[in-house]
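Visitor: For the record, the sequence lines run as chains A and B. Position one of the first sequence corresponds to residue 67 (our numbering), numbered consecutively onward. Position one of the second sequence corresponds to residue 67 (our numbering), numbered consecutively onward.
Keep in mind that the hints were calculated from the coordinates and are not lab data. It is possible that part of the hints are untrue.
If chains are identical, the list can't say which one is meant, so a pair holds when it fits in one copy or spans any two.
[As the list claims (entries may be wrong)] Quick list of in silico lysine-lysine cross-link-like pairs, DSSO-like style, CA-CA up to 27 Å:
#  : residue 1 : residue 2
1  : K140      : K254
2  : K443      : K323
3  : K371      : K189
4  : K349      : K402
5  : K375      : K323
6  : K272      : K402
7  : K408      : K375
8  : K408      : K371
9  : K189      : K408
10 : K408      : K134
2 protein chains.
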Amino acid sequence: MLNRSDKTSEATTAVSRRHFIVAGAGAAGVIAANPEFAVGAPALAQDAKALPDYVAWKNANAMIVHSKNTMETKREAFGAGVITPADQLYVRNNIAAPGNDIVADRNAWNLSIEGVKNPRTMKLSELKGLGVDTVAMVLQCSGNGRGFFSHKASGSPWKVGAAGNVIWSGVPVRAVVAACGGLADGAKFITGTGGETIPQGLDPKKVMVERSVPIAALDHAMLAWEMNGADLSLAHGGPLRLVVPGYYGVNNVKYIKRLAFTAAESDANIQTTGYRVRPVGQKGAPSQPSMWQMTVKSWVTHPLKDNAKGPTQIYGVAFGGDNPVKGVEVSTDGGKSWKAAKLIGPDLGPFAWRVFVLSADLQPGSYSIASRATDSKGNVQPEDFEPNERAYGHNGWKAHAVSVTVV
Amino acid sequence: MLNRSDKTSEATTAVSRRHFIVAGAGAAGVIAANPEFAVGAPALAQDAKALPDYVAWKNANAMIVHSKNTMETKREAFGAGVITPADQLYVRNNIAAPGNDIVADRNAWNLSIEGVKNPRTMKLSELKGLGVDTVAMVLQCSGNGRGFFSHKASGSPWKVGAAGNVIWSGVPVRAVVAACGGLADGAKFITGTGGETIPQGLDPKKVMVERSVPIAALDHAMLAWEMNGADLSLAHGGPLRLVVPGYYGVNNVKYIKRLAFTAAESDANIQTTGYRVRPVGQKGAPSQPSMWQMTVKSWVTHPLKDNAKGPTQIYGVAFGGDNPVKGVEVSTDGGKSWKAAKLIGPDLGPFAWRVFVLSADLQPGSYSIASRATDSKGNVQPEDFEPNERAYGHNGWKAHAVSVTVV
Chain A
67 MLNRSDKTSE
77 ATTAVSRRHF
87 IVAGAGAAGV
97 IAANPEFAVG
107 APALAQDAKA
117 LPDYVAWKNA
127 NAMIVHSKNT
137 METKREAFGA
147 GVITPADQLY
157 VRNNIAAPGN
167 DIVADRNAWN
177 LSIEGVKNPR
187 TMKLSELKGL
197 GVDTVAMVLQ
207 CSGNGRGFFS
217 HKASGSPWKV
227 GAAGNVIWSG
237 VPVRAVVAAC
247 GGLADGAKFI
257 TGTGGETIPQ
267 GLDPKKVMVE
277 RSVPIAALDH
287 AMLAWEMNGA
297 DLSLAHGGPL
307 RLVVPGYYGV
317 NNVKYIKRLA
327 FTAAESDANI
337 QTTGYRVRPV
347 GQKGAPSQPS
357 MWQMTVKSWV
367 THPLKDNAKG
377 PTQIYGVAFG
387 GDNPVKGVEV
397 STDGGKSWKA
407 AKLIGPDLGP
417 FAWRVFVLSA
427 DLQPGSYSIA
437 SRATDSKGNV
447 QPEDFEPNER
457 AYGHNGWKAH
467 AVSVTVV
Chain B
67 MLNRSDKTSE
77 ATTAVSRRHF
87 IVAGAGAAGV
97 IAANPEFAVG
107 APALAQDAKA
117 LPDYVAWKNA
127 NAMIVHSKNT
137 METKREAFGA
147 GVITPADQLY
157 VRNNIAAPGN
167 DIVADRNAWN
177 LSIEGVKNPR
187 TMKLSELKGL
197 GVDTVAMVLQ
207 CSGNGRGFFS
217 HKASGSPWKV
227 GAAGNVIWSG
237 VPVRAVVAAC
247 GGLADGAKFI
257 TGTGGETIPQ
267 GLDPKKVMVE
277 RSVPIAALDH
287 AMLAWEMNGA
297 DLSLAHGGPL
307 RLVVPGYYGV
317 NNVKYIKRLA
327 FTAAESDANI
337 QTTGYRVRPV
347 GQKGAPSQPS
357 MWQMTVKSWV
367 THPLKDNAKG
377 PTQIYGVAFG
387 GDNPVKGVEV
397 STDGGKSWKA
407 AKLIGPDLGP
417 FAWRVFVLSA
427 DLQPGSYSIA
437 SRATDSKGNV
447 QPEDFEPNER
457 AYGHNGWKAH
467 AVSVTVV
């Protein structure tokens, strides 16, 4: 989906960024709450900040806190365990999370279902009766990898940690549609609206989280109330979240209060001009590609810095986005030569990531260790990735490589 | 493995129990620390007790605390997510866990490797270089289901919650053996010794955790330093645990400090007389079956009590022990009739459990909901399960059924 042929503009971006900001938010209160929309904000330092209260249960040692609404997983925390535990999973909220009261009585949560033959509101307790399924998938922020671009795009400077591999349980959206008599005529998009509180005095369209994805996503979309075998936490969208396997994080609407099957995409700014891929310096517009399906990607998680000489396991994670990952190659010389890595551990399905491993015997010296994944359709990670205004979707292997000194 | 033809003795006499106790421990200090060895202790109440300090990070709402060393997962906490999160996983220590200092510098942990051509001690950092793999498996206490027996066996009255499905990462034991020049001649067992501190004044053989499993377990055995994608916690055996997929929990030796390939089973009491299956009233002896491979088992996790009438998803977990589970049937009338359930979600491999689901439309009334699993070799859960002295290995489907009232 992401258009790698976007032409890069060298134009200094102050003006065009301001245009984007006006379109995207336009109120100081929102800018404060939403670093993605901040104008010219310096990249937030990656040093230790305290976890905000609503995620105080997270593993502080595994997280980099960028702001109250943006925290990523440290690269070394991913390990080889295929699953990202909830207390190490990144957090990214477009506006502040609702209060904890919405998870006090989970089954009482209401979802309005529209764009079906028989529109209605259902409580979560009723949704739970309609069906249950479980899917493992990569959850990844559109801006994961932004920190590898050099054009100083606004937003959190995520490196690799705005992503995780998690297991969702909930009701297939298809089962909900069936219980409502089927789709209304003309439905072309699944549109989810989040339950965040809109700050008073702001135009809701400018700040609300309402995203649309193509109706084809109905094949796998789910309304989830569990993550990794536990009740879905507030921080990750509980009591109910729209889950769209293969799609970037923003499309997985948290605290979903309205599920609509619509003829057009949402007219909220987050859809019309936000999360649009365009050359550096341009403002967002509906004609540009939206951050929908993810692309093939991988990164090494071990070793990352110094390493003792001798037998070493080089490993990391790889996924195909909306396709399964097929294979991964690893280079220890910055891409001059490549060896096929082995995929280990359980295969959690087409939308999940796999752990790859290459056994090596490293002698003292300096190494540039890179990984390059290929998906089931033959798409390969590119060496480089051209900048785009908001620095979305970076999957270039060179920037994700790590320098390791073996002594 | 578990011998279902053990003849049941009605003689639950104090004398024979005392004999077992003498063989198993024989010191008041140990009895206090080890409820499994307690004489005639009343079944511990299942009401709320505070979590001990070393597991204060667990989700208290999901746990039943039996004692400082024994906590099980509440049945309703399993959900449909296939994985058991670390903060909901049961805990069972045979003697008190070591201090937290052993996980302060994980890579410095030492493992003595014996019964190989070139015996030696390796640090965890070195083990990590030898190989890495990941396996999902059911971890289950031998006594899981003890609470369904009526013969008042000593030990924690676990119902279904002394079990979980978790993902381990570590080095295959085979790779460690290879790095040590291969097995020494005559190796017939893998013997692991735990790093617990033996209380002063006690005979180590009577209290130490040292278990042996057949050398055939080498096919899948692992030395694990991660669980569910995170560093292995002290409570679950960190920094290093022997993992033997398909085998009962006790064989997965925590804080392993010695890995030996031996001609005979360990002479520690936990192996010679502990974890032996025999008729009620008999004492443990090496001639009896040891609690090694697990058997086929399942239980419903939803619904458990009252339920609204109408569409309902009946679900639970099922596993084959040392075989994959092949299918599950569900009954809503106490076993008079059965319907095939559907297995949902990712298949995490032969040693993991699956989530099963049956969609039902329940009208007001009383239901006895049961599940009955079949493994890949055609083994089916029995209706009943004959008592054995220590109440190990219960997999009878009738006792695991739940009574549900639909209104």
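Visitor: Could you run down the list of hints and mark each one as holding or not?
Guide: A quick look at each hint next to the structure:
no.: 1; hint: K140 <-> K254; result: neither (38 Å within a copy, 43 Å between copies)
no.: 2; hint: K443 <-> K323; result: neither (36 Å within a copy, 47 Å between copies)
no.: 3; hint: K371 <-> K189; result: between (50 Å within a copy, 19 Å between copies)
no.: 4; hint: K349 <-> K402; result: neither (38 Å within a copy, 67 Å between copies)
no.: 5; hint: K375 <-> K323; result: between (55 Å within a copy, 25 Å between copies)
no.: 6; hint: K272 <-> K402; result: neither (47 Å within a copy, 59 Å between copies)
no.: 7; hint: K408 <-> K375; result: within (21 Å within a copy, 50 Å between copies)
no.: 8; hint: K408 <-> K371; result: within (22 Å within a copy, 46 Å between copies)
no.: 9; hint: K189 <-> K408; result: between (45 Å within a copy, 25 Å between copies)
no.: 10; hint: K408 <-> K134; result: neither (38 Å within a copy, 42 Å between copies)
Checked against the numbered hints above, the structure violates hints 1, 2, 4, 6 and 10; every other hint is satisfied.
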